[in-house]
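For the record, in the sequence shown the residue sitting at position 19 is 19 according to UniProt numbering, with numbers rising by one throughout.
Fair warning: there could be bad hints in the mix.
Computed list of lysine-lysine pairs in BS3-like fashion (alpha-carbon distance at most 30 Å, straight line) [stated by the list, open to error]:
(1) Lys68 <-> Lys19
(2) Lys19 <-> Lys34
(3) Lys34 <-> Lys68
The following label-pair restraints were derived from C-beta to C-beta distances [stated by the list, open to error]:
(4) Val15 <-> Ser70: 23 to 31 Å
(5) Ser23 <-> Ala77: 13 to 21 Å
(6) Ala76 <-> Glu11: 24 to 32 Å
(7) Asp73 <-> Thr13: 16 to 24 Å
(8) Glu57 <-> Ala20: 15 to 23 Å
(9) His74 <-> Ala2: 29 to 37 Å
(10) Leu18 <-> Ala76: 18 to 26 Å
(11) Gly66 <-> Gly39: 14 to 22 Å
(12) Ala62 <-> Val15: 18 to 26 Å
(13) His74 <-> Glu37: 32 to 40 Å
Treat the hints as calculated values from the structure; they're not laboratory data.
The beta carbon of each residue, even a glycine, is placed where N, CA and C say it ideally should be.
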Amino acid sequence: MAITNGVPAGEITGVTWLKARASVGAGECIEVAKLREGGVAMRNSRHPDGPALIFTEAEVRAFLDGAKGSEFDHLAA
1 MAITNGVPAG
11 EITGVTWLKA
21 RASVGAGECI
31 EVAKLREGGV
41 AMRNSRHPDG
51 PALIFTEAEV
61 RAFLDGAKGS
71 EFDHLAA
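Between the sequences and the hints, there should be enough to build the whole structure, so can you do that?
Quick look at the structure:
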């Protein structure tokens with residue numbers, strides 16, 4: 001089964017969802033899971049069965065590079 005954008009995150013089985021250690025546990029987390037088929041799924045921890053976004057590993061690397069370079073800091077200001 002191919003996993004596509006928008007699939008209910010609860011239907012993605014056999015993965016381990018991870019969140020940042022900086023999360024304070026009040027439900028404001030983004031969780032990610034490495035997919036067996038390749039790529040990464042992302043979900044909102046407040047809606048764990050809501051839709052998942054699916055990204056390629058290259059897309060995740062590009063985003064992480066930008067985050068490490070403070071390109072998105074203004075979004076949380």
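Quick rundown of the hints versus the structure:
no. : hint                        : in the structure
1   : Lys68 <-> Lys19             : holds (17 Å)
2   : Lys19 <-> Lys34             : holds (12 Å)
3   : Lys34 <-> Lys68             : holds (20 Å)
4   : Val15 <-> Ser70: 23 to 31 Å : holds (29 Å)
5   : Ser23 <-> Ala77: 13 to 21 Å : holds (19 Å)
6   : Ala76 <-> Glu11: 24 to 32 Å : holds (30 Å)
7   : Asp73 <-> Thr13: 16 to 24 Å : violated (35 Å)
8   : Glu57 <-> Ala20: 15 to 23 Å : holds (19 Å)
9   : His74 <-> Ala2: 29 to 37 Å  : holds (35 Å)
10  : Leu18 <-> Ala76: 18 to 26 Å : holds (20 Å)
11  : Gly66 <-> Gly39: 14 to 22 Å : holds (18 Å)
12  : Ala62 <-> Val15: 18 to 26 Å : holds (22 Å)
13  : His74 <-> Glu37: 32 to 40 Å : holds (34 Å)
Checked against the numbered hints above, the structure breaks only hint 7 and satisfies the rest.
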